[in-house]
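Undergrad: Given the sequences, and given the hints that come with them, work out the whole structure.
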Amino acid sequence: MDENMNILNKLISIGLSEQKAKETAKNEKLCNLLIDIINLATKYSPKGLSKSTGNLLYKVGTSIKPQIHSRIKLLVQYVAEEKLNTEIKVNAAIKYFMDHTEENVDIKSFEASSGVGVSVSPEEIEKVVEIIIAGHKEELLEKRYAFNMGTLMAAARSELPFADGKWVKNEVDIQILDLLGPKDSKVNSIKPAKTKVKEKKKETSVETEASKDDEPRTITSVMKKLNFHKPGENYKTDGYVITPNTMNLLKKHLEETKGQVRTRFPPEPNGILHIGHAKAVNINFGYAQAHNGICILRFDDTNPEKEEEKFFNEILEMVRWLGYEPAMITHSSDYFDQLYEYACTLIKKDLAYVCHQKQEELKGFNPPPSPYRNRPIQESLQLFQDMKHGKIGEGEATLRMKLTLEEGKQDPVAYRIKFVAHHRTGNKWCIYPTYDFTHCLCDSIENITHSLCTKEFQSRRSSYYWLCNALDIYCPVQWEYGRLNMNYTVISKRKILKLISEGLIRDWDDPRLFTLTALRRRGVPYEAIQKFCVELGVTGAQSVVDPQMLEAHVRDVLNNTASRTMAVLDPLKVRISLPCKTPLLIDVPDFPSDPSRGHHKVMFSDVIYIDQSDFKEVLPNNQYKRLTIGQPVGLRHAGYVISVTEVIKDENNKIIEVRTIGTPVAVSKRPKAFIHWVAEPVTCEVRLYERLFNHKNPEDPKEVPGGFITDCNQNSFQCIQNAMVDQSIKGAKVYDKFQFERVGFFSVDPDSTSDKLVFNQTVGLKEDAGKE
0 MDENMNILNK LISIGLSEQK AKETAKNEKL CNLLIDIINL ATKYSPKGLS KSTGNLLYKV
60 GTSIKPQIHS RIKLLVQYVA EEKLNTEIKV NAAIKYFMDH TEENVDIKSF EASSGVGVSV
120 SPEEIEKVVE IIIAGHKEEL LEKRYAFNMG TLMAAARSEL PFADGKWVKN EVDIQILDLL
180 GPKDSKVNSI KPAKTKVKEK KKETSVETEA SKDDEPRTIT SVMKKLNFHK PGENYKTDGY
240 VITPNTMNLL KKHLEETKGQ VRTRFPPEPN GILHIGHAKA VNINFGYAQA HNGICILRFD
300 DTNPEKEEEK FFNEILEMVR WLGYEPAMIT HSSDYFDQLY EYACTLIKKD LAYVCHQKQE
360 ELKGFNPPPS PYRNRPIQES LQLFQDMKHG KIGEGEATLR MKLTLEEGKQ DPVAYRIKFV
420 AHHRTGNKWC IYPTYDFTHC LCDSIENITH SLCTKEFQSR RSSYYWLCNA LDIYCPVQWE
480 YGRLNMNYTV ISKRKILKLI SEGLIRDWDD PRLFTLTALR RRGVPYEAIQ KFCVELGVTG
540 AQSVVDPQML EAHVRDVLNN TASRTMAVLD PLKVRISLPC KTPLLIDVPD FPSDPSRGHH
600 KVMFSDVIYI DQSDFKEVLP NNQYKRLTIG QPVGLRHAGY VISVTEVIKD ENNKIIEVRT
660 IGTPVAVSKR PKAFIHWVAE PVTCEVRLYE RLFNHKNPED PKEVPGGFIT DCNQNSFQCI
720 QNAMVDQSIK GAKVYDKFQF ERVGFFSVDP DSTSDKLVFN QTVGLKEDAG KE
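Mapping of the sequence shown onto numbering that gives the first Met the number 0: position 464 corresponds to residue 463, and the numbering continues sequentially without gaps.
Note that these hints are calculated values from the structure, not bench results.
Be careful, since some hints might not be right.
Straight line, CA to CA, 25 Å or less: simulated DMTMM-like cross-link-like pairs of lysine to aspartate or glutamate [claimed, not checked]:
id : residue 1 : residue 2
1  : K454      : E158
2  : K25       : E702
3  : K251      : E267
4  : K387      : D299
5  : K427      : D299
Label pairs and their computed distance ranges (CB to CB) [to be verified]:
id : residue 1 : residue 2 : range
6  : E141      : S491      : 49 to 59 Å
7  : Q713      : K390      : 50 to 60 Å
8  : E254      : E138      : 38 to 48 Å
9  : P160      : N244      : 33 to 43 Å
10 : G231      : P45       : 46 to 56 Å
11 : P367      : D172      : 50 to 60 Å
12 : K72       : T344      : 28 to 38 Å
13 : T217      : S592      : 21 to 31 Å
Here a beta-carbon is modelled for each residue, glycine too, at the ideal position from N, C-alpha and C.
TA: Below is the structure:
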C-alpha cells in the first residue's frame with residue numbers, strides 16, 4: 000500500500016491530478032517509465048520541479064519512441080534544466096532524435112533544431128504577423144472572413160517555429176480584427192441602407208457574395224491538403240526504419256507502381272460496417288481519388304470462425320453505396336501461401352519460434368517470458384510444419400515473433416491453429432495468420448503507398464516496420480488518424496448480436512443502429528455521410544460526436560433532394576361545405592421554394608383528413624394558431640380557409656368528425672396558419688424512431704451500472720399502421736425519399752409491398768428542442 004501511495008505521490012508531483020495519476024498507474028509500462036523520468040529529473044533539478052516542467056516530463060514519457068529510448072537521459076536533463084521549456088521545443092527535440100537515430104548526438108545541431116535558448120517576445124510576434132498580413136492585405140480586404148486564416152498561421156509558424164501558438168493566434172486575430180472590423184460588419188463599398196429592413200438585406204447579400212469565394216470543402220479538397228509523404232519518399236517520414244536495402248526496394252516499388260498512390264480499405268468480414276468505417280472508407284478511397292491513385296478493397300479474412308458470406312456482400316455493397324468503386328477486390332487469403340513462406344523465412348533467421356504456452360498464460364499486459372524462445376531453428380521449423388499438417392492440436396502451439404511492441408507486449412503471435420474450414424481455401428489450411436503478421440505483409444505485397452488506419456494501431460507501427468524489414472521486403476508507411484465514435488449507440492459486433500438475440504432490435508440494419516446498412520435503411524443519403532466526414536476532417540484526435548451532427552447534414556441534403564408530399568399520421572376526419580364541385584385535382588410543387596423543379600397532382604374533396612394535433616375544440620392558449628371553434632385555418636396548396644361549424648363525437652365523447660365551411664383564400668381574412676391535409680389518401684405504415692439508448696455512453700458502467708442492455712429506450716420505436724399519405728407517392732420505390740410537409744423526412748422501407756408502402760422516419764424537419 001505504501002509503495003502504491005509513493006508512486007501516486009510522484010505522479011502527482013509533476014502536476015497530474017489524483018484521478019489522472021491513478022489512471023496512469025494502471026499502465027504499468029508507462030508508469031515505470033514516468034517514475035524513472037521523475038527520479039532522473041530530480042537529479043538535474045534538486046530545488047524541485049515546477050508544474051510546467053512536470054507537464055513537459057509527462058509529455059516526454061508519453062511521446063518517446065522505442066527507437067530513441069537511448070536519448071531519454073539527455074532529453075530529461077534539458078527539460079529539468081528548463082532548456083526545453085515549451086511543448087513545441089520538446090516535440091522538436093523528439094523529432095530531431097527520430098531523424099538521427101543512428102548518429103551520435105551533435106549537441107550544437109540538436110540545440111539549434113530544438114530551439115534551446117530561443118525566446119520569442121510578443122513584440123517579435125507582432126512584427127512578423129504584421130509583415131505576413133501586409134503581404135495578404137489585398138486578398139484579405141477582398142475576401143474578408145472567407146479568407147483561409149490558416150495560411151497566415153502557417154506562415155507565422157514557419158517564421159517563428161518556437162513561438163507559443165496561442166500567442167501567435169491571438170496576435171493574428173487582433174490584427175485581422177483591426178484590419179477588417181467585426182465579422183458581421185459591412186464592407187465600405189456597400190452604401191448605407193435607408194431603413195433597418197433594407198440594411199439587413201444588404202448585409203446578407205454581402206455574406207452571400209463572400210461565401211462564393213470560399214471553396215466548398217469536399218472529401219477531395221480535404222485529402223489534397225493532408226501532409227503525407229509522396230510515393231517513394233517513405234524514408235522521409237518519422238519513425239521509418241532505413242536498412243541498407245531500403246532505397247533499392249523503394250526504387251523497385253516505384254518501377255512497379257509508376258509513382259501511383261495506392262491505399263487499401265481492409266475490413267474484417269465478420270460484421271457490418273458502421274459509421275466509423277464510413278470515415279475510414281472516405282479517407283482511404285478519398286485520398287487515392289484526390290491524388291489520381293487507386294484504392295483496393297481487401298477483405299482481412301484470417302479468422303474463418305466468424306466470417307460469413309453475407310458480410311462480404313454487405314461490405315462491398317456499402318462501399319459502393321458510399322460512392323466508391325474498388326480498383327481491385329482482394330483477400331488476405333489470396334496470399335496464404337506467400338505468408339507461410341514468409342513465416343518460414345522468419346524462423347530461419349531466428350526471428351520467430353514455435354511456442355507451447357497456453358492462451359491463458361499469455362493473457363494480461365506482462366505475461367511470463369516464453370521458455371521456448373531460444374529453441375533451435377530446425378526444431379521450430381519442423382514444429383511449424385507439423386502445425387500446418389494438423390499434427391498438433393488447437394491451442395497447443397503458436398508461432399511467435401521475436402519482437403516487443405511499442406505498448407510493451409512481447410513476442411506477438413504470428414500463427415495459430417484452427418481446425419476450421421475457410422470459406423475460400425476450404426480445408427487446405429489449419430493454421431491461420433494473425434493481424435499483426437498479415438496486415439503489413441499484404442500491404443507490402445500489394446505495393447500500398449499509404450497504410451491509413453485509426454489511432455489504436457499506432458502501437459503496432461513499430462512491429463509493422465520491423466516485420467517488413469526483417470524479411471527485407473518493401474515497407475509501406477503507416478499513417479494514423481483519430482477514430483470516430485458516436486454517442487447514444489454501440490458499434491461492437493458482439494454487442495449488436497446481443498441486442499439482436501435479446502429481441503431489442505430486428506437485425507444489423509435496424510434503423511436505430513449506426514451501421515451503414517441501418518443508416519441506408521433509415522433513409523440517410525450517402526452524400527450526408529460524406530459531408531459529415533468532411534466536417535470531421537482528418538486529425539489524430541479521437542472524435543466522439545452526437546448524432547445531431549450527422550442529422551444536421553442529413554437535413555441539409557434531403558431539404559434539396561426529397562420532394563414534398565402531404566401525410567397525416569394521426570388522422571381526424573374533416574367534412575367541408577364548399578362552393579364548388581369536388582373532387583378536384585390540385586397542382587402542387589415538389590419543392591415549393593423552387594416551383595421550376597417539378598409538380599405533382601393532389602386530390603382535394605369535401606372530405607379531408609388532418610392531424611389530430613391540428614384541431615382543438617377550445618383554444619388552449621394564445622400561441623395555438625391552428626383550427627379551433629372560432630379560429631379558422633388555411634389548407635396548404637388548396638386555396639381555401641376552413642371554419643368550424645360542428646363537432647361530431649361518439650358515445651365516449653371522442654371527436655370523430657369536424658364539420659366546416661370552406662371559403663376561398665382570396666376573399667377571406669388571412670388565417671393565422673396553414674395546415675397540411677390529405678384527401679382520398681393512400682394508407683401506409685409509418686415507423687418512427689428515437690435514440691436506442693438513454694445515455695450518451697451506454698457502455699460506461701458509471702453511467703449505466705446495469706450494462707448497455709438495461710439502457711435501451713423502450714420508446715425508441717413506434718409503428719403507425721394506418722397513416723394516410725397523398726396519392727402522389729404511389730409507385731414509390733425502396734429508398735425513395737420524401738418530406739412529409741410539417742412532419743419530417745421519410746424513406747421507403749424494403750418491407751414495402753405492392754399492397755402497402757412502409758416508410759421509415761429519417762429525421763425531423765428540425766432539431767428536437769429537448770436534445771442537447
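Undergrad: Hint check: K427 vs D299, CA-CA at most 25 Å. Holds or violated?
TA: holds (18 Å)
Undergrad: Taking 50 to 60 Å as the stated bounds, is the beta-carbon spacing between P367 and D172 within them?
TA: The hinted range 50 to 60 Å holds for P367 and D172, with Cβ atoms some 57 Å apart.
Undergrad: Kindly confirm whether 21 to 31 Å is satisfied by the beta carbon distance between T217 and S592.
TA: holds (25 Å)
Undergrad: Starting from K454, check that the Cα of E158 is at most 25 Å away, please.
TA: Between K454 and E158 the Cα gap is close to 31 Å, so the pair fails against 25 Å, i.e. violated.
Undergrad: Okay, G231 versus P45 on CB: inside 46 to 56 Å?
TA: holds (51 Å)
Undergrad: Could you grab the alpha-carbon distance between K387 and D299 and see if it respects the 25 Å cut-off?
TA: Distance of about 20 Å is within 25 Å: holds.
Undergrad: For K72 and T344, compare the CB-CB distance with the range 28 to 38 Å and indicate the outcome.
TA: Holds, at about 37 Å.
Undergrad: Is 38 to 48 Å a correct range for the gap between the Cβ atoms of E254 and E138?
TA: With a Cβ separation near 43 Å, E254 and E138 satisfy 38 to 48 Å, so the hint holds.
Undergrad: Do the beta carbons of Q713 and K390 sit within 50 to 60 Å of each other?
TA: holds (55 Å)
Undergrad: Just to be careful, I want the Cα atoms of K251 and E267 compared with a cutoff of 25 Å; is the pair within it?
TA: violated (30 Å)
Undergrad: Is it true that the CA of K25 sits at most 25 Å from the CA of E702?
TA: Given pair K25, E702 holds - Cα atoms ~21 Å apart, limit 25 Å.
Undergrad: If you check the beta carbons of E141 and S491, does the distance land in 49 to 59 Å?
TA: holds (51 Å)
The structure shown violates the earlier hints numbered 1, 3.
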